[in-house]
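Chemist: Sequence:
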Amino acid sequence: MSLLIQTCELAKIHTLIDGFFKMGNQEAAFDLYEEMRNEGLELNNIVVDVLVNGLRKNGKFEETESLFKEMREKGIMLDRVNYASMMDMLFKKGNFSAAFEIEHEMTDKNDEQRVAPEVRTLLKRFWKVAAPYWSSEDKVQARLRLAAVFALTLGTTGISVGFNFLGRDFYNALANKDQEQFTKQLLYYLGAFAGGIPFFVLRDYAKDTLSLRWRSWMTSYYMERYLKNQTFYKIQSQSIIDNPDQRIVDDLSAFTGTALAFSLTLFNAAVDLISFSNILFGIYPPLFVVLIVYSLGGTAVSVFLGKGLVSLNFMQEKKEADFRYALVRVRENAESIAFYGGEENERQLLLDRFKRAFENLSKLLISSRNLEFFTSGYRYLIQILPAAVVAPMYFSGKIEFGVINQSVSAFNHILGDFSLIVYQFQAISAFSAVIDRLGEFDDVLDDRQSPYISKPDVSSKINILYKDVMYASMGSNGSIPQGGCGKLLEVEKLTLQTPRSRNILITDFSLEIYNGDHLLVMGPSGSGKTSLLRALAGLWNTGEGNITFYITNGAQSQLSASSNIDSSGAQSAQNILEVDKLSDLRNKRAKDVFFLPQRPYMVLGTLRQQLLYPTWSNEPLPTPSNSQQPDSLPFLLQASNSEHDISERPTAEDLIEVLEVVRLGDILTRFNGLDSMYEWSSVLSLGEQQRLAFARLLLSKPKLVLLDESTSALDEANEAHLYSQIEAAGITYVSVGHRSTLYKYHNKVLRISKLNSEDMGQQNWHLELINRNTRPEEATPTTYLGKKQE
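Residue numbers (full-length UniProt numbering): 1 to 790.
Heads up, some of the hints might be wrong.
So the derived label-pair ranges between C-beta atoms look like this [unchecked claim]:
#1 127 x 307: 22 to 32 Å
#2 135 x 354: 39 to 49 Å
#3 387 x 135: 44 to 54 Å
The hints are simulated quantities; they were obtained by calculation from the structure and are not laboratory data. Given the structure is predicted, the values throughout are model-derived calculations rather than measurements. Positions of the beta carbon are idealized from the N, C-alpha and C atoms, including for glycine.
Using the sequences and the accompanying hints, generate a full structural model.
Modeler: Below you can see the structure in the form of structure tokens.
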């Protein structure tokens with residue numbers, strides 16, 4: 001072993017240790033680790049990650065905790081997955097203080113690693129976030145409104161130049177005690193105020209309305225991308241970025257408003273610079289030189305003093321959002337917390353998150369204070385600096401008193417233009433944090449180049465395929481049997497792994513589901529039952545194998561959507577499309593496949609909208625609230641559902657009838673009809689929510705439904721009633737459950753066992769037939785595996 005250590009590169013040793021763990025040879029893995037320590041080799045985080053992961057998977061919790069503690073003391077940064085695993089392990093052992101300590105450490109290390117982005121990176125991100133709107137479908141209105149804002153800004157600059165000359169003449173008349181000229185200039189001043197104020201007001205109004213329109217478009221644009229191709233699920237499940245909701249609500253609002261404000265400020269500064277530089281240079285050229293030196297020196301000092309503000313502002317937004325999110329969780333889980341009596345624990349968690357925001361804000365205030373010491377002195381010094389420079393000329397009689405006022409006014413205008421960074425440094429640092437957060441969010445949402453969402457290797461990927469029912473059943477002579485092939489779902493050689501740690505849950509799994517098949521999936525907790533449903537739904541694709549859905553009338557749509565069909569016709573014959581962009585085909589599949597989780601999702605809306613979700617959720621209901629207002633923006637209007645004709649939407653009578661079918665007719669009187677609006681997840685019990693989910697299912701009438709313990713909160717009578725209703729509706733179903741009472745509603749059972757390290761590579765599932773009248777009777781898996789039951 002010593003020879004191996006001496007000849008093998010450290011970077012490759014972790015592969016050997018990982019291999020020993022996967023082979024179940026823990027002793028060899030630890031021997032190699034101990035040999036490394038004896039040889040005095042410095043461990044790196046990759047080796048430690050492999051060791052911690054191997055110990056944890058093999059149930060060596062005490063050894064894992066000991067090694068974890070040792071590595072933390074040495075300052076070795078472990079993988080986030082292992083941090084999370086250690087937290088979970090400590091929570092299960094009841095060691096809450098140690099778990100919270102690890103959570104704090106993980107957060108602190110992430111905060112320490114946060115560095116302010118380079119200016120070049122910020123500019124690229126700004127352009128990437130800002131540019132799409134100006135070439136969108138609203139580009140004509142956007143550009144016209146922007147042109148109007150710039151035109152009004154030019155007008156206000158011209159008015160400011162006019163005020164500069166009026167001020168000179170006004171103060172000359174005052175210094176000369178010329179009452180007639182003073183009265184004349186005063187009237188000019190009042191007239192200029194009356195004519196100029198509307199320009200300033202209209203400029204700000206035009207800017208704010210353009211900002212609102214821009215924000216509305218960006219909100220729609222980001223929401224579409226966030227909710228497309230299950231990106232929102234991947235962001236949440238993989239913990240890619242924090243608080244996407246805060247980035248959509250707060251950061252987009254801050255971005256559009258601040259971007260327009262800064263753009264106008266820069267434009268106004270450029271125009272001011274041109275307009276007032278001639279005035280100042282004409283009065284006294286040395287004063288212009290003083291201005292340049294003063295502004296450049298002030299900018300350099302401001303950048304030096306405020307260099308940490310960007311990172312602090314970024315972290316402040318994150319920590320405030322984390323605190324707000326924790327409060328929302330308390331509100332959403334109020335009943336569970338009350339049952340547990342966990343108020344004190346929640347208070348501690350909330351105060352802990354607030355403490356982090358408080359501590360970061362304290363650092364931010366200190367940095368802002370240090371910067372303010374300089375900027376305040378910088379700002380007040382300019383009140384006397386220009387007068388001090390030109391005073392000798394006034395005393396020598398070369399200029400009049402009014403020229404001093406004119407030079408001060410021009411100096412302040414130009415200095416304000418040159419000192420944008422000095423005056424706006426805190427605002428710029430806050431805006432930089434907004435750009436950084438939105439740019440990071442945009443990168444995650446960008447399908448083409450997202451480095452954030454983990455994607456399996458091409459060689460290790462579960463492919464979701466689609467076949468049209470008619471094409472799949474077409475005979476060699478081109479004839480199509482009546483009723484098609486009846487196949488709904490086919491799974492081929494599926495090996496399923498967890499997305500992060502790549503733990504194998506199911507190996508070499510194959511199955512075919514036909515019309516009338518009712519499959520029950522059973523197994524111990526953690527064996528992968530729900531994970532299998534996630535794979536079928538396309539949420540998990542880590543592993544190998546194919547999942548094929550047989551959809552109705554999909555061929556024509558698929559062929560017309562494809563622009564690179566092989567001229568030989570091979571593509572159309574197979575009529576299979578691999579899912580890289582799931583949106584179009586998932587909509588087709590949604591008509592035939594339905595999913596019911598254990599805790600149904602209750603939408604924010606009326607009882608009618610609860611029942612219509614998700615099949616008709618994007619069809620506007622005929623209520624006054626949906627009528628288009630004169631100022632409605634086209635990109636904020638609801639789009640009609642291309643998959644359903646509006647006439648197919650169930651009537652009020654249909655909705656009332658289905659509520660009676662699922663034994664929920666009483667909620668119509670309890671909650672004042674179909675158009676009442678409540679917090680349904682709070683006012684309905686879990687059992688009522690599950691029955692409401694079955695009502696959605698019966699309305700949608702899919703061919704196949706996947707049920708994940710969807711009757712767990714129901715009594716046996718209601719459970720039997722609902723299963724009889726979906727069977728009578730001709731719906732094929734796959735259920736995950738534990739109750740023995742579920743046998744009578746199914747004709748097959750899939751049993752999945754939990755894999756241990758010594759079971760790797762072995763099949764951990766088998767299929768049985770169920771005799772509904774007697775006990776389940778085991779069948780030979782090869783007899784029924786992938787075969788249609790006669």
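Chemist: Which of the numbered hints above does this structure break?
Modeler: none
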